[in-house]
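Colleague: Generate the whole structure from the sequences, applying the supplied hints.
2 protein chains.
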Amino acid sequence: MEKACIIGVGHTKFGILKEKGLVDLLAEASLMAMEDSNTGQEDFDAVYVGAMSSDALNNISGIASALVDKINMIPAAADHIKNGPASGSSAIKAGFQAIASGMADLVLVVGGEKMTHVTTPGFITSTVATITHPEAERIHGISLPAFAGLLTRTYLQKYNAKLEWISDIAIKNHENGALNPYAHFQRTIHDFMESAMKKGKGQWNNVHEFLKDDSVNPIIAAPLRLFHICPISDGAAAVVLCKEKLAKKYSDTPILISGIGQATDTHVVHEREDVTVLNALRLCSQQAYKMAHKTPEDIDVAELHDAFEILEAVQSEDIGFFKKGEGAKAAHEGLTKIGGMIPINPSGGLKARGHPLGATGVAQVVELVWQLRGEAGKRQVEGATTGITCNFGGFGNNILSILVERM
Amino acid sequence: MEKACIIGVGHTKFGILKEKGLVDLLAEASLMAMEDSNTGQEDFDAVYVGAMSSDALNNISGIASALVDKINMIPAAADHIKNGPASGSSAIKAGFQAIASGMADLVLVVGGEKMTHVTTPGFITSTVATITHPEAERIHGISLPAFAGLLTRTYLQKYNAKLEWISDIAIKNHENGALNPYAHFQRTIHDFMESAMKKGKGQWNNVHEFLKDDSVNPIIAAPLRLFHICPISDGAAAVVLCKEKLAKKYSDTPILISGIGQATDTHVVHEREDVTVLNALRLCSQQAYKMAHKTPEDIDVAELHDAFEILEAVQSEDIGFFKKGEGAKAAHEGLTKIGGMIPINPSGGLKARGHPLGATGVAQVVELVWQLRGEAGKRQVEGATTGITCNFGGFGNNILSILVERM
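From first to last, the protein sequence lines are chains A and B. Under the working numbering, think of the first position of the first sequence as -12, with each following residue one higher. Under the working numbering, think of the first position of the second sequence as -12, with each following residue one higher.
A few of these clues could be false.
Since the list can't tell identical chains apart, any single copy or any two copies may satisfy a pair.
Distance condition first, Cα-Cα at most 25 Å in a straight line; then the derived SDA-like pairs of lysine to any residue [to be verified]: (1) 7 to 121; (2) 310 to 324; (3) 230 to 32; (4) 57 to 129; (5) 232 to 278.
Because the hints were derived from the structure by calculation, they are not lab data. Quick caveat: nothing in here was measured; it's all calculated off a predicted structure.
Modeller: Take a look at the structure:
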């Protein structure tokens, strides 16, 4: 198999981007990735767009066709790949396979979502909840935050962990996000606290005290509070993929996609023997490690799917960095900070970079590319040569891991 | 490149299937294809689902994850591929690339749509219209039937053709559909006419007279009438793909996918120099012919995308069977009937088999598999060894052609 390389990346600012539509965001990230890769429109064979809810949120169903027109890439093939909030990773996998199959030499993959214009109360939550099981789950009103609350309770009890450790993950990710010019929140939680104090909203001695105050950090799905949960964001991210043997033609610093894994688990969460174990992640990360001839010990930096901060703890275990039940404690002890044993989410993760659903899987890979190229600025993980991602397409029922390395 | 073979096919009845939901239909076709291919759940590496409007029409966004759970195929990878009414063909292309890349040995591809439960007036038409350009087209109220009406007027005028010849395509496709036990309409237009006469709705001397009567065949988008347009249908179709070298392990009659092409054209229809020329089809069919080392003269049978009967005429030209402007006349002269020079839509096409959007591209390939295996019953094209499809992902702006042949 000839693997694919990443020769260029693009990333819009994530956040509340009022003036731009979904196709505008996809185009912006795409053109950045093309500029970064020294490619021209006529070089491309295919485009893969990852977006979760463009039908529901943007009333557009032909986004891949619309994008190739907007960026003058006609007659390149164009498809839209959907896998919930892992649509971006599934789009990268589709692009990788297009190249590895020999059907394409150069492929653009772009993920994006435009969400913050939606003002109908509950519409975003109910739209995202369309990835849950219609009869066994959704009909009872369960949503993704509810699952995350239940998982947090179970995890804390089973592994004798503390909610403060989950808060530590949020604190770390906001510290990282404060160093990321593309992040939705470029502020530490300490910054949020000081700002609240200045506005006279209260007085707190430290961020943990701030995070326990209902008036500034309300409970959303007990025990999870607002700052344990990622925001709703707009944004897009793109990568240009090419055949390994053509990579040096376009880039001095191509990054190899050396492993990709994808696995599913029971659609219904309650059917799993142990909700704290992500079988799909264990399987898909093993596939990625095996394909790349790597082990978890080889990984220098990881981008995990902390849509809820409990998930980063659980994923850091099932992807092989820590023993089961020790992920939250490891974060508390600082092992996952930049400069720690295994830096996780130097980008700020979904918590601080933001989570425009379909963009996230691509943005994770873009961050790893910047890290492996040594272009991550103040959040650089020194000497990183190998990175891995975890991207959730449902509540643990469809997960991808992408392993990238310096060539 | 190791190409992929089709070792099994499945096809639900198309039509108004009241009792079944979308995932039920996908599962039914999938299980049929698995039985037909002598495969078990544990054999599969990946599943690709093609569906256009499951978010809007069925309020489900994780259909691929839901399907693998329902058919016990966990932990196989699962993705949802969207390309408007060509979602099924794009899913086949994705499955082909998964195999040709070496990432998968055995892949299930299933396309489906559940539409007829929607009773809100205009909702289906406006949902389908989300593939048109939001600012240049949709905002002005244009829909797909409107485009087809305009194309028909232009074609008839430019090539000195007659509307009766377009009607002849519908007549042929209903004759073929009457021989297809899976078709939505298993009745000839002559049957419809006789039934209307029995009910006292009128008296007509022949079907052309019947088709010109506003009371039984009203104008939908002038000059197109009801019988020039495909129905809204429910249904699903599936194929099991495997590596060429494993095919004989599962099937005595594997069918090779020897060529696949996909190309885009301007998203906005009015930007094309000549609306009667399908540039994307010319390109994608040339890609498929080239990949398969075939020419249009090698094709024994074709399944084209007659969502509107004018499209079959135009496509039969741009795919290389007839000179520009001669497709409608060729149909009128019987060249595209079963037994004719190049039989088109022996299945009944979208007109009579029905058009559950995401199912269509897969159903086209399933029909060709039956034809090449010699299993098409009364609608068999004798001695067919090679077939090709055309599937539309928008109004000419994203088209796929899949070329299959007997091994």
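Colleague: Of the hints stated earlier, which fail here?
Modeller: none
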